[in-house]
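Student: Kindly produce the complete structure, drawing on both the sequences and the hints.
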Amino acid sequence: MKYSLLTFCLFLPFLAHTQGRLAAFSAVRLDRENVQVNWTMKAGVSCQSPEVQRSTDTLNFSSIFRYPGVCGGGATEESFSWIDKNALADRDTYYRLRIDDGEFSEIFKIEGEVALAENAVQPYPSPAIDILNLAYREELGSIEEIGLFNSHGTEIKIDLLSSLNESPLRIQTTALPAGLYFLWIVFSEENSFKVKFLVVK
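Residue numbers for the sequence shown follow numbering that gives the first Met the number 0, so the first one is 0 and each next one is one higher.
Any given hint could turn out to be false.
No more than 30 Å apart at the CA atoms, straight line, and that leaves these computed lysine-lysine pairs for DSS-like [stated by the list, open to error]:
{"no.": "1", "residue 1": "K84", "residue 2": "K108"}
{"no.": "2", "residue 1": "K41", "residue 2": "K156"}
{"no.": "3", "residue 1": "K195", "residue 2": "K108"}
{"no.": "4", "residue 1": "K195", "residue 2": "K156"}
{"no.": "5", "residue 1": "K200", "residue 2": "K156"}
{"no.": "6", "residue 1": "K156", "residue 2": "K193"}
{"no.": "7", "residue 1": "K108", "residue 2": "K41"}
{"no.": "8", "residue 1": "K108", "residue 2": "K193"}
{"no.": "9", "residue 1": "K156", "residue 2": "K84"}
{"no.": "10", "residue 1": "K200", "residue 2": "K41"}
{"no.": "11", "residue 1": "K41", "residue 2": "K84"}
Rather than coming from a laboratory, the hints here were simulated on the basis of the structure. These numbers come from a predicted model, not from an experiment.
Tutor: Below, the structure is given as structure tokens:
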């Protein structure tokens, strides 16, 4: 069976706030093979060659990237990013940043893809922080209509069809607050689905 993957990007500030020298740490799945890891150093502090680490169980981490040089040290916060081009797609993955003297960031979880039931549509992860993926079977056909509604049934006016032919589909929703939402999706093969998901801040 073939699957299609749409990715809804909820563009919000970094949400994994840390203590110590890091102001923030997060990770974002770009597609099946690529995850972007982001971190921000607080103003006036620095670290030498921090390491991005990855795990599948939150206990055993392996270093997969070492930043070449000094991070931070400026008068204002400084942000950095790196793309893991060998990301794991079929299982949950956990990322963290190791600072030079053994200080660690918080652990950030990237959920693996989900198994779909016959003719199913599945949004994940839920709750979503900055990305919502929408997986569905290609047998359902192309998407003809799609709407986003809050928990009160009020439609949120966002042009969800503007980039429908792009893969993955990315939607900027900078004003979307935390809460329960519903997607109403109509496919070309006369199938329609209502799926719900949570957004947390």
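Student: If you test the structure against every hint from before, which numbers come out violated?
Tutor: Violated: hints 2, 9.
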